[in-house]
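Protein chains: 2
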Amino acid sequence: MNTPAPHADFSDASIGTIAVVGLGLLGGSVAKAVRENTGDAGIRVIGCARREETRQNAIENRVVDTVTADPVEAASQADLVLIATPVDRIANYVIEIAKQCPGVLMTDVGSTKFQIVEAVNRVPEAAARFVAAHPIAGSEKTGLDHACGNLFRDKPIVITESGHEAPGAVDIVTQFWESTGGRIVHLSPRRHDDLLAISSHMPHLMSSLVANQLPAEAIPMVGTGWLDTTRIAAGDEGMWTAIVSENREAILDTLEQTAVRLADLIHIVRTGDAPSLTKFLRDAREKRESAPSTQTDV
Amino acid sequence: MNTPAPHADFSDASIGTIAVVGLGLLGGSVAKAVRENTGDAGIRVIGCARREETRQNAIENRVVDTVTADPVEAASQADLVLIATPVDRIANYVIEIAKQCPGVLMTDVGSTKFQIVEAVNRVPEAAARFVAAHPIAGSEKTGLDHACGNLFRDKPIVITESGHEAPGAVDIVTQFWESTGGRIVHLSPRRHDDLLAISSHMPHLMSSLVANQLPAEAIPMVGTGWLDTTRIAAGDEGMWTAIVSENREAILDTLEQTAVRLADLIHIVRTGDAPSLTKFLRDAREKRESAPSTQTDV
Chain A
1 MNTPAPHADF SDASIGTIAV VGLGLLGGSV AKAVRENTGD AGIRVIGCAR REETRQNAIE
61 NRVVDTVTAD PVEAASQADL VLIATPVDRI ANYVIEIAKQ CPGVLMTDVG STKFQIVEAV
121 NRVPEAAARF VAAHPIAGSE KTGLDHACGN LFRDKPIVIT ESGHEAPGAV DIVTQFWEST
181 GGRIVHLSPR RHDDLLAISS HMPHLMSSLV ANQLPAEAIP MVGTGWLDTT RIAAGDEGMW
241 TAIVSENREA ILDTLEQTAV RLADLIHIVR TGDAPSLTKF LRDAREKRES APSTQTDV
Chain B
1 MNTPAPHADF SDASIGTIAV VGLGLLGGSV AKAVRENTGD AGIRVIGCAR REETRQNAIE
61 NRVVDTVTAD PVEAASQADL VLIATPVDRI ANYVIEIAKQ CPGVLMTDVG STKFQIVEAV
121 NRVPEAAARF VAAHPIAGSE KTGLDHACGN LFRDKPIVIT ESGHEAPGAV DIVTQFWEST
181 GGRIVHLSPR RHDDLLAISS HMPHLMSSLV ANQLPAEAIP MVGTGWLDTT RIAAGDEGMW
241 TAIVSENREA ILDTLEQTAV RLADLIHIVR TGDAPSLTKF LRDAREKRES APSTQTDV
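Listed in order, the protein sequences are those of chains A and B. Numbering of the first sequence is given in full-length UniProt numbering, commencing with residue 1 and proceeding in unit increments. Numbering of the second sequence is given in full-length UniProt numbering, commencing with residue 1 and proceeding in unit increments.
No lab work stands behind these hints, which were simulated from the structure alone. Keep in mind it's a predicted model, so treat the numbers as computed, not measured. A hint or two may mislead.
No distinction is drawn between identical chains; accordingly, a pair holds when it is met within one copy or between any pair of copies.
[Unchecked claim] Below 20 Å or equal to it, Euclidean Cα-Cα: the simulated SDA-like pairs (lysine to any residue) are:
| id | residue 1 | residue 2 |
| --- | --- | --- |
| 1 | Lys141 | Asn57 |
| 2 | Lys279 | Leu262 |
| 3 | Lys141 | Glu286 |
| 4 | Lys141 | Thr224 |
This is chain A alone, in the form it adopts within the complex (with noise of 0.2 Å):
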């Protein structure tokens, strides 16, 4: 289906082969999930990295079919694109891919919406092409060594369309992300910023805030309530960055939250008010087991 066309439609459109650019630990995952799930008769998938490194451990691996260092002429042969890079260069492949190869649909995994969406949205022909998600799957490890092809298994993946998708585009790409196993969620992208600032950005700087506190005298004793607690703090800080840096309203209204909250939470232990702190501490608990019980074990 990879011809111009001025005014797209998706809606007879099938995937026959997918560029990944990004072969990180998403990229790789999504790699694998494709090819485990189709078989032999299945699509064929280009992996497209910067680094020759990486693109020689993906091919010996069997993670893609073959490889490139050029996103363009990656997309040129594909009918569906996955941008799987930091989150502060989604939104420019877009628009450039969209320019030079006019036929193809595009999705992306980044963990910010908002901001993205509407830099593509300025680009009507970028716009008619692109199926903005988010699949919530990961963890502190990175790289295309973790790669897995179950990771998205019963995961939440977050379609946020932006309303300037070309006929047919969402449920292509609604089809291809069923196809890794994940749960599909649709939300607007501004309404997933401001929930993921909350269930994930906030999360994480309070991870680090934590970590960072640790005395090296007591390096030796930490526990698991430590480890847990502190495990995303060890995730890549470039990455983080550029989260924080997309969705910086939405995180700055939620530390702003957990610094009153946090205050509150002083008063109470100050003036030892047991009441409302064991009513605090119930709450969390079961806030923390309404959470979906095929999650808690990964």
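Following the hints, position chain B against chain A.
Structure of chain B alone, referenced to chain A:
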């Protein structure tokens, strides 16, 4: 060795029978560790629990040799008593048992130490026989059903001497704790509480703070980051209310430092100071990665 001894000396003592007062996760795990590590020729274990159901469970699952609901009855037959109750009851049990069973040695598992040791120190015949300890093991799971004989394997076990222990007492209790498989660390009660406030008590409260902020709409969308960061928030609120009460001053200090650092972080995010944010995240990653590797997979 359980005979009245106004000037106790444990230099030549040995342990044939222990009493475990409180058969929860920690008490049950010590009982299992002792029985598993000493085999047929090993130490006899008397369990003590208030609830009939717990006592039956302990006998049926061969966690202990015999059970009773009366701590003094259990202690009167033992060489060493392990107090494994919530922290706010430990000192009272130690003092009561010291008065009723003057030959017995005692230790505990409390997550706080200063107030307990201080209360026991006010009763010389109790202080001579009590060697305070804190095995840094456990999780958000509670109760005898989760008890496990290798819970303490390679985990830090802090011994906090009061200076009032009878000759030999610290050595024999240290040997006992070593037999559970843990790594012994010696700290003063005050230093223990100050460090634990930073490495355990504050992280627990921050985990609860993060959990409490999640709106219901975001519950189906949480990822491993939120689940890791909030895992300990599922802990028992009564147990943690008691811990906060016992170590209030040190926890207050740490929470106030956390508030100052959170204000700094908010300033960094508000002003878009990417280099400072990257440094904050890098410092946290390096601190997290400096934690003992043997503990990261527990």
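Hints versus structure:
no. : hint            : in the structure
1   : Lys141 x Asn57  : within (17 Å within a copy, 41 Å between copies)
2   : Lys279 x Leu262 : within (15 Å within a copy, 24 Å between copies)
3   : Lys141 x Glu286 : between (29 Å within a copy, 14 Å between copies)
4   : Lys141 x Thr224 : both (18 Å within a copy, 12 Å between copies)
Checked against the numbered hints given earlier, this structure breaks none of them.
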